Amino acid sequence: MMRGLYFLWGLIFITGCIDTIEVDLPQRPAGRLVVAGVVERGPDDYRFLVDVVRTQDLEDEKPAVRESADIRILNQGVETLSLDNGQSLVFAIDSFHDVFGGTADAAVFNIEIKTTLGGVFTSLDQKVLAPPQGSTPAVRYEERSELNNVGNVVENGYVKLLMNSSLLNATSERVSLRWDVSGVFRFPERPWTDNPFIFVNTCYVKVGSKGNQINIVNSAEVNNNEVFEFEVSENEADYRFASGYYYTILQKAISNETASYWQELQKGVNRAGTIFDSPAGQIRSNITQTDGSPEDFLGYFYTAGVDTLRYLATWEETGKQFHLCARATVSDACCDCLLLVNSSYDKPHYWVD
Amino acid sequence: MCKKEITAPRFSQHGPVDVDHIFFLLYRFGSLLLSDFWIEIDRVVNDMIFIRHYLCLLFAFSFSAILAGQQLDSIKVNLELKPDNWQERLRSLTDGLNVILFIADTSMVLTENKNYREQYFGDVLLDLVRETENSFLIYRDYLVVIGDRTILQESRSSEFYQALQQSLSAANNKVDDLEILVGDMEKVVSSGTTVINGKIVDGESDESIIGATLLVREIGQGTDTDEDGKFQLQLVPGSYTLLVQYIGYQERQIPIRVFGSGDLDIVLNRSSILLDEVVVEAKKRDENIQSVEVGVSRVSIREIEKLPSFLGEVDIIKGLLQQPGVSTIGEGSSGFNVRGGTVDQNLIIVDEGMIFNVSHALGFFSAFNSDILSDAVLYKGNIPAKYGGRLASVLDVNIKDGNFQKLRFKGGLGVVSSRLSLEGPLKKDKTSFLISVRSTYSDWVLKAVKIPEVSTSSAFFYDVNAKFTHRFNERNFISVSGYSSADQFTYADEFGFDYETLLGQINYRSVLNDHLFSTLSIIYSDYQSSLSDEAGHDASKLSIGTEYIKIKENLNFSFDNLTLDAGISLINYQVNPGTVVPQGETSSVIPASVLEEEAREIAVYSDAIFKVTPRFSISGGLRFTIYQFLGPREMYEYLNPAKPMLEEISGRNFLDEKIIHEESLLQPRFSARYLFDAQTSVKIGYARTSQYINQISNNDTPTPTSIWQLSNQYIPSQLSHNFSLGYFKNFKENIWNTGLELYYRHIDRLIDYRDFADLIANDHLETELLTGKGQAYGVELSLKKQVGVLHGWLNYTWSRSLRKIAGINRQTWYPSNFDKPHDLSLVTNYQINKRNVISLYFTYSTGRAITIPLDRHPVEGDIVVLNYSDRNAFRAPDYHRLDVSYTLGQGYRKSRKFKTSWTFSVYNLYARRNAFSVYVVQDNLSKPKINRLSVLGNAFPSLTFNFELL
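Residue numbers (our numbering), protein chains in the order written: chain A, 90 to 442; chain B, 37 to 986.
Isolated chain B (complex conformation) (with noise of 0.2 Å):
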């Protein structure tokens, strides 16, 4: 490797990130050659070593270690450069090595025909450059600098390393070339957290820039800039790259080298290009390309927020639903479908802890106050191997530390509920908190109401917040948080259905090493729901509920081209299947209580991303699940055990066993990518997941009171193959991003229902159920606009999600009452200018799978009997609706400390009345009336007033 000592004239470790830390990192750059910090380097790659071997064991790429350990100058290539295009073919070799190459001598020719088979790189720059008065310099095997001797290997002007930093951000326009050093180098110990404090000042006037956004792009964690451009981060010792943007400048991407705790300013520059007409977009442009995984989507809560939504609440569970492969049944119904895919199939984790019901008021409104979260990522193809116990996906919704600086605060009043967060420190620099609350107060709509059955009824929901961040010393700090929320609704007198979550959890975080460091966390959950019948015969409280604990170890190595995860995790869940109790003195109904169920699930898992080549990256790893179900308890038996029927009950036991029912399963994560060039690229997938308790309903979708249901011998887990391949192509600097995947997933076990099935209270649950197979499979095309005063996206998924069981539908395949062949969605914004932003949004679906009566009988005169056609054999009409929003802000000033805004929306503009569900009323022998439901079959307009002390 071409190692030259560079001398600066100055440098410093807190200005404005400009060329005094481009000659502040050369300088070090040298010096460090004679340094400890060799030592260390010596020591990672060591590390590199067993980290190969382990990935060779696992994948067999045996040939990836060697190609991932050469360096720059020791790459052989093969070359063929002509004196007429001798610059464009080594460009092209250095893009395709991921390598900055910048020619500085621009008048540099090359005067005959070179050919160069197997040399090594550093050889084919020494002899490109041997007879003329040029050098090059390799800096840290992503930055080639040809150029003039004398500069290069003596007299570094300022001017120099100024023209070559603006003319390699002119030339890429998104890599800042150089690493900024932040901390002390002379104290580099294994070191632990580190606080990163800085400011964002405007590259003309110095002034401060208030609201710009920073995301750390390999933790996917930011932040904004206060009232005086300010900002804050977190960081363990190590290297990554800062996403810094802000509206009406050009965007940079800094990478940054983190030894301790530090100060770091950075210049932003008027953008030329876009004026003051830009979106803030809150991850990497070229993300889709980049990435390793297939099938991932991360949802931007700044997105959502522009969005048009239902009574003014901002919504990351309908966000998610603009995402190709992701769908729901309707308005009004909790969950949402991914790949074809059940509701219960989608795994919900908040920071560490998952939760079993996402939505509030039936589905309505999201389970989740957007003001609180950092982020939210949905995995529906590629599921990393560190997640699990689910089928079809996985949403990974993060939750923001307090603020350590200072005390913020910000919410929103709207139609049906209002929200405020409140942030900041206890302690500063040591201790912060958050908490938020959301509530409705719908109540007083209803007793406004002069009907009786109306004044006396109640519709209520709560959530609240809290999560206390504490920083012990810079090596470890730990979190405390708390999830609460609640939904009432009662009737009158006649009956109503409560249900609530707590959420509970404990992360410890710990930096063991730079390359090391530990989460550990501790999670305990409680989701009780019930249901009344207050009146009549009938009258009664079903009550159910599902708790667990789980302790999760999860260790994570990064360095250079590797990211490495592992970890074990235990979980003890324990469900009350259903508890039934008659209310008041004229109930016949019998009461009844199904025994109490446990279960625990154990799984080891490793996880890896790993950059074999520039252009070839692959991801893998393993999860070894145990799954066991718990006795001592009684059990049915049945003659046929693989076939429990009720007519074949063979009796009750006592199964006196600890553990009455076992299952293991290894399930391999894998994906893979490969770049054609900067803007292109291929990725595979394939993931194999299992899930042990599932949610039982057989309504349209889950309804509160659906119990989750654990496997047993009867009813043993569900297992799918994922098979993901997507092609995906950028175009005009990463504005355009384009991506087409197709998936494909087989279940094994899939659970669905008998006709008319007891599924309440039912101690022999398992004689109501049917297993079989399922798969479900799809195309789905995104184009997607990042940046502009018109922006947005569109996205199309063609799928089909069918099911084959036995006793149903005579063992044909047949569709889920999910299976919505095409989906397409259309998001535009229109930003007018920085206070002003119209968004549109457009969906159209086909309609879903429906059961409606093929024909009619009459049975003693007047009674009809109407006859069901195969279970879902027709489709509701089309779904498609428009909303629109107009949001008017202050936009960023300075001078301004209390940011507010308006957003007035309609959803459904042009009131379509979508059916939720199509049914059949038959009165005497008159000819039946097909009546459709439309859940929100007006137009909605909405006005929230948001608020934001920064």
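Next comes chain A alone, as it looks inside the complex (with noise of 0.2 Å):
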């Protein structure tokens, strides 16, 4: 639909344009303190996160100025493990369990921040949803009609991912999903030469999520308990996907409120200038401070229970791409693989071909 709309805009009146401009912002005032925690429940840990830092400008491109701060993980309203500032800690089920005490099932997280400053914040409790079974995966290739930087119309191919699932979990709860989208592609060299002596190695190169790309589905707004084709993912098709192109898919099971808060989220960064776009605004918080100097501050806690799903998308069905160096030596990376980004001549685990 958005590329509808820029059409509408673009192209019936043959008048649209977009470029970057420079905006005078004012001075702001200091970095606002944000609370942002997770807790991920996966088939046989638990995963923790907190992130205690200050806001930075937008045109501030350091990393994000970490605050000193005292953070604890609660399960039950008692308190458990003490974190690291932005460290994740992985911890077993059982052992969590044999340590603290409940049970996964009965598993409710929240935490509690004391900054130096004296200020103490909490969040609400959240209970770790179990993630659906059964949920599908499905790769889809589709060519369009473009304009080129030229002006030319070309055809372009695009692979999609698309996911099919219950909302049902094993306890039929009705849950909200989220997905987290990366994947490995395989790149073996292509020296263009005749000596058949040449060794040839082979590359997995990682490919992040996009990251403000937010796949969410809120189990309010779906009519029934399943979703079909919803497209969580699309790349444009490259010789990224000639040799074999491994999805991973982190499906994240999260209550109906995370999903509006992700929704939130969502619509703050991707937004198209049209007059369709609906006003961002302030994004909401589940966090509250409890005790010190009141302050202005930001965050969001939640958990989420995390199924990760794999999808290895053929050469076939991917419109049979092209190797970068079929037809000639186009870059270094045909004769050094390594030179490519997020390479390493290390097989994934999970890559079955």
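Hints listed in this document are in silico derivations from the structure and should not be mistaken for laboratory results.
Some clues are possibly wrong.
Stated by the list, open to error - In silico PhoX-like pairs for lysine-lysine, Cα to Cα no more than 25 Å straight-line: (1) A/K151 - B/K965; (2) A/K356 - B/K577; (3) A/K356 - B/K965; (4) B/K266 - B/K935; (5) B/K935 - A/K295; (6) A/K356 - B/K963.
Unchecked claim - Interface residues of chain A toward chain B, partial, derived using beta-carbon atoms under 8 Å: (7) I107; (8) E150; (9) T204; (10) N313; (11) E320; (12) L387.
As the list claims (entries may be wrong) - Sample of chain A residues lacking proximity to chain B, with all beta carbon distances greater than 12 Å (derived): (13) E201; (14) T225; (15) N258; (16) W351; (17) A415; (18) C424; (19) D425.
Quick caveat: nothing in here was measured; it's all calculated off a predicted structure.
Cβ coordinates follow ideal geometry from the N, Cα and C atoms, glycine included.
Using the hints, put the two chains back together into the complex; each one sits in its own frame.
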């Protein structure tokens, strides 16, 4: 639909244009405190992560400044773990409950933060929801006629990753879902040579998730208990799909309230500037300050039941793409695949041809 | 009163308007003294007494009735005259009384000082001429002639009156001094609608003048002369002032008194001052000074037609944007904002029917076909009591009647659309029709594009107007009209929207007597829109609709110093707030249908314009409204009904009452004007207004699928107080108009939205709304040169539009998203000659208020959260644009029946990329980009061919 809106404003009236500009931003006050935490439960372990940082200017490309803070995880109101700021901690589920009591099914977490300035912040309790079972990814290749940089119409291919999933988990709870997608593609070196004795390496190159592509389904907004062909990723079909592309999908079961939080966050970053854009606003928080001098702060804490899904997209189903070096040695990577960013000779353990 | 019988050597009822008419008038004037006409006058005077009582009660201006009832010669004056300045002093006095003074005997002298204290004006004149050879004549309280006694009382030669006429015209250059009588005076009955046929000819050559304009000042209607120089007017009996204009000729304002159908021929003399390069102005040049209302903009279709336009489409809405106090979010936004009001706070009236959408193609084009409009008036400050239901303004657009005499057509061929209108008699002098069609044909452009998604897309709009007017007899006539418009847009198989308006109305006008006529209107309107998303898990179709039936009876009383409107109107609304239906097998959208809503709005009103003294006029009225939200229906209940919140829904009950919610409000309206002199006035205005139906949208500007929400117990009506103060000064015979207006508006229960409000098919919409206060204030400066080779105007507005709402920005005042403090528009027309016109339009405004991120922070490593500022805390870059157009026409020639013109225009000449929106794009942890979306970021040339069969 967004493409349609761009089209409406840009083509029908042959008018629109988008460019990047400088806007006079006023001098902002010191960074506001942010408390963001998550507890994820996989099949075997918990992962705890809490970030206590200060907001940074839009144009500041340095990492966010971490705030010195005492971070504690509470399970059913009982203090359990102490975390380092920004450091994720993985704890086996069985061990965790052996040490701190309770059961995985009844786990309810919240966080408590004490800053060096004396502020105390606590979150609302969050129950960990089990992810639905039997979710299946699928890949679809499609071509679109588009204008290229010099104004010619060209056919461009795209590979889409689609999700089919139930919204009911094992305990028949209706959950909302969020998907994080990453991938690894295989890249064998293809030096342009007739020498059959040249050793050819194969790299596996990681492709991170598109940072701010937030894939969210709020079950409160879904008619039935399933979603079909929900698009979670779209990539230009190119050499990356020539020798195999393995998708990894983290499917996270979250509450409807958490889904609303992510939807608000999504509206803040996925904007097109058209008249159909609903205005962005101040994102909700489920954290409250319980002690210390009142402070303007941001943040959210949530829990998720995580399932990891993988899918190998084959050469045939991704439009039969050519290798980067199929016709000529167009890149040094043809001879040394490690030159590709995030590449490695190590084959992922899950890669099964 | 000085009443003198005058005999005339000859008279003609059908000849050109020259000295013959003056003799005829004077002849009748004298003879009428003994006729039944005075009985009629007496009756009217009795009516006046009643009306004075009405006004006294209404405004407690008890003194005004006494003053207004005085005859000119019985007005008490204080006057000190000296031999060296007595004529100037006397003229100053008569100017103040709005009386024309003509001293025919320029050699008349005053031999001694005169000091009159509390003396009757008639006595003063008598004293002045007592020891001279002169006498004086007072005609109808607006003309005083001092001249030779013998001439005035006995032998009035044609030369004398010709000299009188010419002298007065030269002296005043605006108002012809004597009234023309039209119709058979011997049959002065209570009368009905009359048809006046006439011809305008050149005073020297006696040739017909084609394309001259006539405007009936009192009713704001007019016509043009055809290829034979002929014209036709339909008027109810009464007194009017005709404004007659043509390029290169002296403008004439001719008072006429219509008794019945008849002929009226007019002579125009060539201008010796402005030569040929004069621009026709379809309104009175000193209207800004004389009119009582403050904050009124009369939009001239002729002016707009000359201006540069986007893709050649003459657009009345864009013409409005050149007026001070009127602005818009930017290109591609539908509607307009008046004095800090939202788009939905403007009442748009076509004849008597209101419409809910004024735009085609999401705001790129106006929904009005300018070819069929007779005029458009925007009330932005002091809204008359006959209008109601909106807070900020009223745009009253009138569609002209079809020609009763002959078939005519008019049209234009443009780049993306064309238009054609056809009018003529179905039965000559009895029934006329007017049909117009406008349509785009952009689809062929899309089909030609090889990109499949484009070639399978569609963008289309059309509008059709039809109006039939039938005259049963001279007292009764009826018009039946319809308007239909539709927009449709589809993008491949992915998404599309469409919206359409249907408006039908019957207006029955009946003349009850010389001064009273009624208009009964029955209107039906239906606005439907839908938005479809055809692909993916969110494939669905959203449909909304607003429908109403309106019945209105208006009585209009008009006599001399007083014009009175009174009436009653009933509107019954039916609103479909939203129905969502999933589309396709993969859709996971939840079907939703919000219960239809029904309400009615009843209004009783009365409005009067009253000339208290020649300098001081008032306009005032009352509007009493009763609004009822109707049941039975289910409604949510809340723990705190005054502040409905989603978390506090206590239940959903079926309310069996027929009237679930009711409001009533008395809305006074008032304005007053004081004339310092003929070219200077000051005005004040006040209007209390309410709004019971609101367009719900938290986008930058409403979209076609923004619902109209009826007020109910949780969403009460919005209320406003509107204050205006204006100072107006004209220069150089009203060629230069200047104005300074101040305004202030206070709004109670102003609606705004929670962050991330869900407004689509939400059956507890009230939980997404926030209410608070609003205020808008500003200064509007205008400078206009009305005629000349180079003419145009400069408008500047400084204004603010602010809100204060609990739940937004910590309940502090914040700007609305159409708050643009500085707004300037400059229009210049260079009339090279009759055929060639070059126009320039430049506009500048402060960038509108926007909300963008203040800072950011990472979440879970590579996700970046943008933290937005307080609402509308920043500003988009300033907006400015220059448009230019060149019109090549054939001019008006006697021999030509087919008039054509070419208009070449360039919109956004220097390709300024004005920001419609500014938004931030964030990819991973990289530095975010601040993007500007320019809807019309290039220069857009266009060529339009216009044609007209006269």
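Outcome of the hint check:
1. Between A/K151 and B/K965, the direct Cα distance comes to roughly 16 Å. Compliance with the 25 Å bound is thereby established for this hinted pair.
2. At most 25 Å may separate the alpha-carbon atoms for a hinted pair to count; A/K356 and B/K577 meet this at roughly 21 Å.
3. For the suggested pair A/K356 and B/K965, the alpha carbons sit about 16 Å apart, so the restraint of at most 25 Å is met.
4. Restraint check: the Cα-Cα separation between B/K266 and B/K935 comes to about 16 Å, which is no more than 25 Å; the hinted pair holds.
5. About 71 Å separates the Cα atoms of B/K935 and A/K295, which puts this hinted pair outside 25 Å; it is violated.
6. Distance hint between A/K356 and B/K963 is fulfilled; the C-alpha atoms sit about 18 Å from each other, no more than 25 Å.
7. About 5 Å separates the beta-carbon of A/I107 from the nearest beta-carbon of chain B, less than 8 Å, and the hint is met.
8. This hint holds: A/E150 has a C-beta 5 Å from the nearest C-beta of chain B, less than the 8 Å allowed.
9. At its closest, the beta carbon of A/T204 sits 15 Å from a beta carbon of chain B; the interface hint therefore is violated under the 8 Å criterion.
10. At about 7 Å, the closest approach between the beta carbon of A/N313 and any beta carbon in chain B falls short of 8 Å, and the interface hint on this residue holds.
11. The interface hint given for A/E320 is met, as the beta carbon of that residue sits about 7 Å from the closest beta carbon of chain B, less than 8 Å.
12. For the restraint placing A/L387 at the interface with chain B, the shortest Cβ-Cβ distance is roughly 6 Å, inside the 8 Å limit, so the hint holds.
13. Residue placement check: A/E201 keeps its beta carbon more than 12 Å from all beta carbons of chain B (closest about 19 Å).
14. The beta carbon of A/T225 is kept farther than 12 Å from every beta carbon of chain B, the shortest such distance being approximately 14 Å.
15. Consistency note on A/N258: stated as away from chain B, and its beta-carbon is indeed over 12 Å from all of that chain's, at 17 Å minimum.
16. Not every CB of chain B lies more than 12 Å from the CB of A/W351, the least distance being 9 Å, so the non-interface label is violated.
17. Listed as a non-interface residue, A/A415 keeps its Cβ farther than 12 Å from every Cβ of chain B; the least gap is roughly 28 Å.
18. At the 12 Å boundary, the C-beta of A/C424 stays outside the reach of chain B, the nearest C-beta of that chain being 29 Å off.
19. The claim that A/D425 lies off the interface holds: its Cβ sits roughly 26 Å from the closest Cβ of chain B, which is beyond the 12 Å cut-off.
Of the hints listed earlier, those the structure fails to meet are numbers 5, 9, 16, in rising order.
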